[in-house]
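Peer 1: So the sequences go chain by chain: A and B.
Start counting at 1 in the first sequence, then tack on 74, and there's your number in our numbering.
Start counting at 1 in the second sequence, then tack on 744, and there's your number in our numbering.
Worth flagging that the hints you see were computed from the coordinates, not collected in a lab.
Don't take every hint at face value.
[Said to hold, decoys possible] For lysine-lysine, the following DSSO-like pairs were computed, each having C-alpha atoms within a straight-line distance of at most 27 Å: (1) K823/B / K131/A; (2) K789/B / K823/B; (3) K786/B / K746/B; (4) K152/A / K786/B; (5) K131/A / K786/B.
[Unchecked claim] Selected chain A positions facing chain B (Cβ under 7 Å, derived; list incomplete): (6) F119; (7) A127; (8) F177.
[To be verified] Listed next, the stretches of chain B that the computed footprint assigns to chain A, with coverage defined by at least 3 CB atoms under 8 Å from CB atoms of chain A: (9) 798 to 812; (10) 843 to 849.
On a predicted model such as this, the values are computed, not experimentally measured, just so you know.
Backbone N, C-alpha and C define an ideal beta-carbon position, used for all residues, glycine too.
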Amino acid sequence: GAGVSQSPRYKVAKRGQDVALRCDPISGHVSLFWYQQALGQGPEFLTYFQNEAQLDKSGLPSDRFFAERPEGSVSTLKIQRTQQEDSAVYLCASSGGNQPQHFGDGTRLSIL
Amino acid sequence: RKEVEQDPGPFNVPEGATVAFNCTYSNSASQSFFWYRQDCRKEPKLLMSVYSSGNEDGRFTAQLNRASQYISLLIRDSKLSDSATYLCVVTQSDTGRRALTFGSGTRLQVQP
């Protein structure tokens with residue numbers, strides 16, 4: 075497809091489990107962003123990649139959160155030892171040059 | 745204090761009404777400004793950019809007041825399909841950081 079693709083669409087995990095969320099950006103988009111959106115709130119920035127380089131990870135809430143984009147295309151956001159407060163929608167966005175960011179549908183993560 | 749503040753609403757208006765949303769931002773270094781629209785359980789989508797001179801796109805008018813650090817969105821002749829959450833967004837352009845900073849959103853419900 076032509077848009078940003080995220081998988082899985084929904085993820086349910088037990089507290090303490092590790093999860094991995096995938097983002098497939100628009101082909102050719104250099105910049106890739108991860109955001110976390112809690113219920114009733116706007117998205118909050120987590121981390122930013124330019125190609126394979128992670129240029130900003132200031133929004134990651136703890137060292138349990140880790141993101142990578144090894145070949146400058148697909149990105150994975152990993153959350154270790156999940157906690158209930160990690161329950162949220164995780165949005166990925168990509169952009170080319172100085173163009174607006176295009177968002178994927180998100181992964182809705184529920185931690186039981 | 746959040747960096748971008750919006751009235752959460754909801755704003756309940758009849759079809760055909762004119763409705764205005766306001767937003768304030770605290771970081772005077774903010775360079776770019778946008779309104780995004782987010783439908784329930786969907787991803788945010790860019791509605792329009794906001795320029796200092798004010799700009800219009802059909803029934804939508806956006807304005808920016810840098811001195812007051814204030815952004816507005818006016819919707820004329822509201823349609824049922826305008827029902828959504830409207831997110832005020834700012835970004836800095838320094839050092840290549842282009843992460844978007846979102847407000848919590850203002851919910852609009854247009855009623856028949």
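Peer 1: All hints, please: hold or fail.
Peer 2: Okay, the hints, checked on the actual structure:
Between K823/B and K131/A, the direct Cα distance comes to roughly 40 Å. Violation of the 27 Å bound is thereby established for this hinted pair. For the suggested pair K789/B and K823/B, the alpha carbons sit about 18 Å apart, so the restraint of at most 27 Å is met. For the given pair, K786/B sits about 23 Å from K746/B by alpha-carbon distance, which is consistent with the 27 Å threshold. For the proposed pair K152/A and K786/B, the alpha carbon gap of about 22 Å is at most 27 Å, so the pair holds.
For the hint pairing K131/A with K786/B, the CA-to-CA distance comes to about 25 Å; that is within 27 Å, so the pair holds. Of the supplied interface hints, the one on F119/A holds, with its beta-carbon coming within about 4 Å of a beta-carbon of chain B, less than 7 Å. For A127/A, the interface hint is violated, the least distance from its beta-carbon to any beta-carbon of chain B being 10 Å, above 7 Å. Nearest Cβ of chain B to the Cβ of F177/A: about 4 Å, under the 7 Å cut. The hint holds.
Here the region 798 to 812 of chain B counts 0 residues with a CB under 8 Å from a CB of chain A, which misses the bar of 3, and the coverage is violated. By the rule of at least three residues with a Cβ nearer than 8 Å to a Cβ of chain A, the coverage given for the region 843 to 849 of chain B holds, with 7 such residues.
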